[in-house]
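Number of protein chains: 2
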Amino acid sequence: MKSLNIGIIGFGTVGTGVYNVLKSFKNIKIKKIAVKNINKKRNIENFDESLLTSNAYELANDPEIDVIVEVAGGLDPAFDLLKTAIQNGKHIVTANKELLAKKGSELFKLAKEKKVVILYEAAVAGGIPIIFPIKTILCANKINKIAAILNGTTNYILTKMAEKELSYETALKQAQELGYAETDPTGDVEGFDAAYKIAILSTISFNKKVDINKIYREGITKITSQDIKSAKELGYTIKLIAMGQLLENGEIDVRVHPMLVAKKHLLAKIDNATNSIMLSGYPVGDLVFTGAGAGAEPTASSVVGDILVLASELETTDMPLPQTVCNHNEYAKQIPIGETYNEYYIAINASNSPGVIGLIGTICGQNNINISTIMQKGINNDNTAEIVVITEKSKESDVQKALEELLKSNCIKNIDNLLRVMN
Amino acid sequence: MKSLNIGIIGFGTVGTGVYNVLKSFKNIKIKKIAVKNINKKRNIENFDESLLTSNAYELANDPEIDVIVEVAGGLDPAFDLLKTAIQNGKHIVTANKELLAKKGSELFKLAKEKKVVILYEAAVAGGIPIIFPIKTILCANKINKIAAILNGTTNYILTKMAEKELSYETALKQAQELGYAETDPTGDVEGFDAAYKIAILSTISFNKKVDINKIYREGITKITSQDIKSAKELGYTIKLIAMGQLLENGEIDVRVHPMLVAKKHLLAKIDNATNSIMLSGYPVGDLVFTGAGAGAEPTASSVVGDILVLASELETTDMPLPQTVCNHNEYAKQIPIGETYNEYYIAINASNSPGVIGLIGTICGQNNINISTIMQKGINNDNTAEIVVITEKSKESDVQKALEELLKSNCIKNIDNLLRVMN
Numbered sequence: 003m004k005s006l007n008i009g010i011i012g013f014g015t016v017g018t019g020v021y022n023v024l025k026s027f028k029n030i031k032i033k034k035i036a037v038k039n040i041n042k043k044r045n046i047e048n049f050d051e052s053l054l055t056s057n058a059y060e061l062a063n064d065p066e067i068d069v070i071v072e073v074a075g076g077l078d079p080a081f082d083l084l085k086t087a088i089q090n091g092k093h094i095v096t097a098n099k100e101l102l103a104k105k106g107s108e109l110f111k112l113a114k115e116k117k118v119v120i121l122y123e124a125a126v127a128g129g130i131p132i133i134f135p136i137k138t139i140l141c142a143n144k145i146n147k148i149a150a151i152l153n154g155t156t157n158y159i160l161t162k163m164a165e166k167e168l169s170y171e172t173a174l175k176q177a178q179e180l181g182y183a184e185t186d187p188t189g190d191v192e193g194f195d196a197a198y199k200i201a202i203l204s205t206i207s208f209n210k211k212v213d214i215n216k217i218y219r220e221g222i223t224k225i226t227s228q229d230i231k232s233a234k235e236l237g238y239t240i241k242l243i244a245m246g247q248l249l250e251n252g253e254i255d256v257r258v259h260p261m262l263v264a265k266k267h268l269l270a271k272i273d274n275a276t277n278s279i280m281l282s283g284y285p286v287g288d289l290v291f292t293g294a295g296a297g298a299e300p301t302a303s304s305v306v307g308d309i310l311v312l313a314s315e316l317e318t319t320d321m322p323l324p325q326t327v328c329n330h331n332e333y334a335k336q337i338p339i340g341e342t343y344n345e346y347y348i349a350i351n352a353s354n355s356p357g358v359i360g361l362i363g364t365i366c367g368q369n370n371i372n373i374s375t376i377m378q379k380g381i382n383n384d385n386t387a388e389i390v391v392i393t394e395k396s397k398e399s400d401v402q403k404a405l406e407e408l409l410k411s412n413c414i415k416n417i418d419n420l421l422r423v424m425n
Numbered sequence: 003m004k005s006l007n008i009g010i011i012g013f014g015t016v017g018t019g020v021y022n023v024l025k026s027f028k029n030i031k032i033k034k035i036a037v038k039n040i041n042k043k044r045n046i047e048n049f050d051e052s053l054l055t056s057n058a059y060e061l062a063n064d065p066e067i068d069v070i071v072e073v074a075g076g077l078d079p080a081f082d083l084l085k086t087a088i089q090n091g092k093h094i095v096t097a098n099k100e101l102l103a104k105k106g107s108e109l110f111k112l113a114k115e116k117k118v119v120i121l122y123e124a125a126v127a128g129g130i131p132i133i134f135p136i137k138t139i140l141c142a143n144k145i146n147k148i149a150a151i152l153n154g155t156t157n158y159i160l161t162k163m164a165e166k167e168l169s170y171e172t173a174l175k176q177a178q179e180l181g182y183a184e185t186d187p188t189g190d191v192e193g194f195d196a197a198y199k200i201a202i203l204s205t206i207s208f209n210k211k212v213d214i215n216k217i218y219r220e221g222i223t224k225i226t227s228q229d230i231k232s233a234k235e236l237g238y239t240i241k242l243i244a245m246g247q248l249l250e251n252g253e254i255d256v257r258v259h260p261m262l263v264a265k266k267h268l269l270a271k272i273d274n275a276t277n278s279i280m281l282s283g284y285p286v287g288d289l290v291f292t293g294a295g296a297g298a299e300p301t302a303s304s305v306v307g308d309i310l311v312l313a314s315e316l317e318t319t320d321m322p323l324p325q326t327v328c329n330h331n332e333y334a335k336q337i338p339i340g341e342t343y344n345e346y347y348i349a350i351n352a353s354n355s356p357g358v359i360g361l362i363g364t365i366c367g368q369n370n371i372n373i374s375t376i377m378q379k380g381i382n383n384d385n386t387a388e389i390v391v392i393t394e395k396s397k398e399s400d401v402q403k404a405l406e407e408l409l410k411s412n413c414i415k416n417i418d419n420l421l422r423v424m425n
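First to last, the sequence lines map onto chains A and B.
Residue 169 in this note's numbering sits at position 167 of the first sequence, and the numbers go up by one each step.
Residue 129 in this note's numbering sits at position 127 of the second sequence, and the numbers go up by one each step.
Hints may be right or wrong, so weigh each one.
Just so you know, same-sequence chains aren't split out, so a pair can sit in one copy or run between any two.
Said to hold, decoys possible - Cross-link-like lysine-lysine pairs, in silico, BS3-like; alpha carbons within 30 Å at most:
id : residue 1 : residue 2
1  : K105      : K210
2  : K144      : K395
3  : K231      : K265
4  : K335      : K105
Because the hints were derived from the structure by calculation, they are not lab data.
With these hints in hand, go ahead and build the complete structure from the sequences.
This is how it looks when you write it as structure tokens:
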């Protein structure tokens with residue numbers, strides 16, 4: 003294995019994890035670590051403070067550094083730093099999903115020009131090997147679908163809501179206290195994090211650029227304990243699913259939203275902060291990869307794995323890992339959510355009046371929606387009823403139109419929730 | 003990607019699958035296919051019969067062939083054929099688990115001398131990417147445990163026994179009728195197939211040679227519907243588990259046997275012919291890889307994946323994939339089953355006499371075995387009772403001794419089964 007000098011940008015949880023794991027690999031030398039606050043006390047045994055710098059450009063411009071490991075996150079200054087490093091002929095290992103989802107194609111283009119590689123196993127699903135397998139051993143496949151749990155925070159919250167019958171707010175608060183959710187949880191609970199990851203996975207699976215702004219995104223903040231209870235009664239678990247599909251006409255359908263997942267589905271069994279990716283393709287069929295999607299150590303497994311594979315390849319060639327090159331010229335044609343077909347869960351609050359069920363059935367029918375299950379359980383104190391409808395596969399725009407029509411009727415008080423269903 | 007000429011040895015289900023998948027990859031040219039019976043009618047559209055030969059050495063000695071793809075199976079003549087091919091400087095892609103488990107170290111040694119690679123993703127778990135990920139992106143890890151369902155036939159039989167309350171014999175018969183089990187099912191049901199695969203996985207995970215003859219192996223033929231019923235009542239599913247563990251003293255524990263797997267464990271949820279591998283290591287933690295473990299198409303995904311990665315690497319180097327080199331000098335110290343520690347399920351047939359439970363408890367206690375659960379359900383017509391005991395972690399040799407002592411007592415009629423438990 004070739005000896006490499008590396009520079010690490012970012013020295014938080016993941017950076018420190020990478021530092022600790024790299025100690026066992028004598029051929030990889032950490033030459034510099036760029037940090038925000040050089041005076042912060044680091045709780046690491048025998049740590050050489052002279053490795054630290056507050057100027058990350060020192061690393062990007064250091065002629066002795068072979069590989070930049072970027073684990074700082076965010077767009078600015080990471081984008082410019084990595085451009086500089088690539089310009090200077092350095093290979094990149096990064097865990098920065100936002101950067102890759104938003105600016106990946108520019109970086110990959112530059113990397114190709116400069117004959118360096120960008121590796122990013124850690125950017126999606128932490129310790130789970132998925133990027134490298136798709137790029138290498140699975141490359142005989144035409145992948146046509148990914149359905150995945152890519153955000154540990156929301157999966158933890160949904161698991162606790164189901165296990166302990168908690169409200170979203172209470173479960174979020176507990177997740178924050180235990181360190182599973184951040185003080186500002188927006189990036190996780192609104193689905194941004196999962197959207198970055200499914201953008202990356204869809205790009206490498208379908209071999210076209212994916213526009214992050216065209217990914218339909220819906221978080222978990224509107225899921226109620228009543229939804230979870232109804233789902234359970236119907237044989238489902240609610241999960242935040244990131245999905246990418248290659249349609250028969252070559253268009254792609256990429257989105258992130260909560261789904262009712264049938265209990266028999268392997269993704270329904272993924273609890274707490276675990277991540278899991280189901281990938282379907284020809285000839286391989288369905289594969290499921292499950293493991294820790296975050297955390298210092300699992301993420302370090304992927305970052306250091308990338309570094310070691312690169313070091314191994316550089317022993318015998320100056321053009322390592324040609325199969326990882328990611329340089330797609332064309333944007334995928336992404337369809338909007340209105341054009342997708344799904345099964346639906348519709349939670350309706352209606353007045354306790356005769357003909358309500360008939361009205362729902364009629365309006366659904368007029369909009370080409372077949373109902374497969376309808377459930378009403380008793381009457382509320384305010385003389386309204388909760389009605390849950392599960393539909394057969396229907397067009398999203400038809401469903402939206404039906405819901406608008408339902409709301410115009412006096413006896414429909416509210417559409418409490420609309421969720422999609424995966425069987 | 004470099005253009006490669008390949009020769010395929012073996013043209014059964016997998017060979018035909020590889021042929022079909024390779025049609026989409028114009029840079030990989032099939033130069034020759036070695037078959038047993040050259041006159042057999044092949045049901046393939048536009049098939050060029052002139053590709054066929056009954057002499058596989060033609061391929062191994064053909065200077066125009068770059069890569070030999072061996073999907074014939076068995077030791078003879080595969081071992082000699084691959085040695086000849088390697089001597090002639092050809093790279094090898096093989097799905098032959100028996101050959102690798104029994105003769106792998108000789109082949110890898112020769113390959114290293116001749117500077118060629120042997121790739122074998124398809125030898126373990128069909129389409130599931132596991133060999134290449136362990137060798138590459140997971141290489142930062144110290145793997146300390148593998149627990150896996152590696153044989154689809156036995157998993158199918160056990161699933162049907164549980165779902166439909168069938169006897170082993172009936173479930174086997176149905177599996178044979180549906181093509182899930184062979185006419186002579188020994189290789190699958192006695193655990194040989196799983197033993198070859200766990201030998202390969204343990205070798206690459208623990209980086210020492212594993213002696214296939216020292217792997218403890220027990221099949222599923224003694225599992226009764228009563229065992230499956232009792233397991234279910236206690237919250238377990240019975241699976242044939244292939245296991246490899248690196249112990250703290252550096253010794254390894256490799257074995258194949260049925261286990262009671264706790265219902266909450268991800269492996270308990272793997273049904274029918276699906277395979278699944280749980281791998282634990284530092285820093286990655288637990289990973290689970292699930293997918294089709296057999297079949298023409300999934301296996302072709304792995305075989306063609308190996309070929310394409312090789313072609314890609316050969317574009318930029320004559321020494322491709324250095325990280326896949328497998329050349330272990332040392333044999334692992336494998337411990338015998340008697341020295342392992344496990345939780346146990348013991349099914350006992352006892353006479354309906356006072357003091358039986360006390361006797362079981364006393365003999366277990368005298369042999370350092372703590373009982374965690376004991377269950378007796380009514381009395382049989384012959385005035386005997388079925389008693390099921392679950393123990394805490396105990397030494398196998400102690401358990402065997404306790405069973406011998408129990409059998410000496412008049413009131414113990416039979417030890418119906420002894421199975422190990424995974425929580």
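Failing hints, ascending? The structure conflicts with no hint, since it agrees with every one listed earlier.
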